[in-house]
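These protein sequence lines map, in sequence, to chains A and B.
Counting in our numbering, the first sequence runs from 1 upward without gaps.
Counting in our numbering, the second sequence runs from 1 upward without gaps.
No wet-lab data here; the hints were simulated from the structure.
Every residue gets a Cβ at the ideal spot worked out from N, C-alpha and C, and that includes glycine.
Hints should not be assumed to be uniformly reliable.
Only pairs whose alpha carbons sit at most 25 Å apart, straight line, appear in this in silico DSS-like list of lysine-lysine [to be verified]:
hint : chain 1 : residue 1 : chain 2 : residue 2
1    : A       : Lys110    : A       : Lys126
2    : B       : Lys53     : B       : Lys104
3    : B       : Lys53     : B       : Lys176
4    : A       : Lys141    : A       : Lys110
5    : B       : Lys74     : A       : Lys70
6    : B       : Lys74     : A       : Lys55
7    : B       : Lys185    : B       : Lys104
8    : A       : Lys55     : B       : Lys55
9    : B       : Lys55     : B       : Lys104
10   : B       : Lys185    : A       : Lys55
11   : B       : Lys53     : A       : Lys126
12   : B       : Lys53     : A       : Lys55
13   : B       : Lys53     : A       : Lys4
14   : A       : Lys4      : A       : Lys141
15   : B       : Lys104    : A       : Lys126
16   : B       : Lys104    : B       : Lys74
17   : A       : Lys4      : B       : Lys185
Distance ranges between label pairs, derived from CB positions [claimed, not checked]:
hint : chain 1 : residue 1 : chain 2 : residue 2 : range
18   : A       : Ala139    : B       : Asp13     : 52 to 58 Å
19   : B       : Gly192    : A       : Asp177    : 46 to 52 Å
20   : A       : Asp108    : B       : Ile98     : 26 to 32 Å
21   : A       : Gly115    : B       : Lys55     : 27 to 33 Å
22   : B       : Pro171    : A       : Leu167    : 29 to 35 Å
23   : B       : Gly192    : A       : Arg112    : 46 to 52 Å
24   : B       : Lys55     : A       : Thr128    : 23 to 29 Å
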Amino acid sequence: MSVKHHISDAFLIDYASGSLSEGWSLAVASHLALCPDCRRRLSAMEGAAGALLDKASESGDEDVAWARFKTRAIDIKAEEIRPSAITPKSMAVLPEPLRSYLGGDLADLKWRALGRGAYQILIDTKDTETQVRLLRIPAGKPVPEHTHEGRELTLVLAGSFHDGDELFARGDIEEADGELLHTPTATDGEDCICLAVTEAPLKFSSWIVRLMQPILKI
Amino acid sequence: MNKKNSGGLIADDLAKAEMVRLLSIVGRERSVDAFEAIFRFYAPRIRSFMAAKTKDRQAAEELMQETMTAVWNKAGQFDPARGNVSAWIYTIARNVRIDAYRRKRPEFDFNDPAFVADDVAPADQEFQQLQEAQLLRGAMATLPEEQLDVLRRAFFDDASHSTIARDLGVPLGTVKSRIRLAFEKLRSTLEGRL
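Model the full structure from these sequences, guided by the hints.
Put into structure tokens, the structure is as follows:
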């Protein structure tokens, strides 16, 4: 069972360069954990970055720089390779880094009802640009109404959903933007669990603007 | 591979193989002499990388020193089967820069039980990595300037693809397609290697 729907080059280069914010990066990194193909694409990007590094040069006084380095750093002892913080269980459904953000695997989660049999868990990040949540959609039901303007990433972790003619199963990631009208629906037979990252809704402090929001559709 | 470039590529490849050798000596023996050669090669490059975003020489110098300290400390973790030295050092410099700007970049974990390992295991990965680095450099040299420019802005200036579009004053789709075309070219070169 291999991944069919991959992350785009545009998202991946932002992840490779480190300019992608935390919320989007969480979805991209969790997809990479499940997708060897995209890890190979990431390596090629980092290889390209390395080739650009080879060509760069900003001269300085290398003797001074080296002398400084030697006096400061050489006594520091080598970093030990630490085993990962969470003792690996023999089985896990949710991949890292997502599992650590949630503080446990599927069985440990505390879901909050969204209505119509759907559940969610909001995931806290430091980034104000995105809203990150884990969703559980009952088998055969559509993803609850989630108006979003701008980009959205949805990573399937268990079960599957279809959107139009396309089927998204474990490891598959769907990219959507605000212009695309789509109604993902969980496949019959199994609840669908997915990570959804959307652009954070704009928050207005002024009550006038808030009142106007539905009228202006902003 | 272009005939007239082959001399330069061979010299580069020797330098690449030498960097792998030096880094593994540092990893095993903490050899200061071996590290000095790595330092003198990469220090000006990382300084340039850091200066692209900070625009401040002193800050760039500090971040370079911090990066080289991390390279010294992590040398034993470098796996020549997983990538070449320049790519590895790039990722360390990138992470130093992310920390300096107090951002967070979640990463996958090779030891995670849910991690899906790659079932393609080539016979001699270290050799293959050197070969890939050579192919990549050859293919980079053939990219049109407008694509290279986007890659430089992404990797050096730390600009997202939407920031690049804004800075260049071109539609987002144009930047996306330059990125896609550049990596399609690089990937097809790598895939056609055997």
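### Task
List, from low to high, the hint numbers that the structure doesn't satisfy.
Violated hints (numbers, rising): 7, 13, 19 and 21; every other hint is consistent with the structure.
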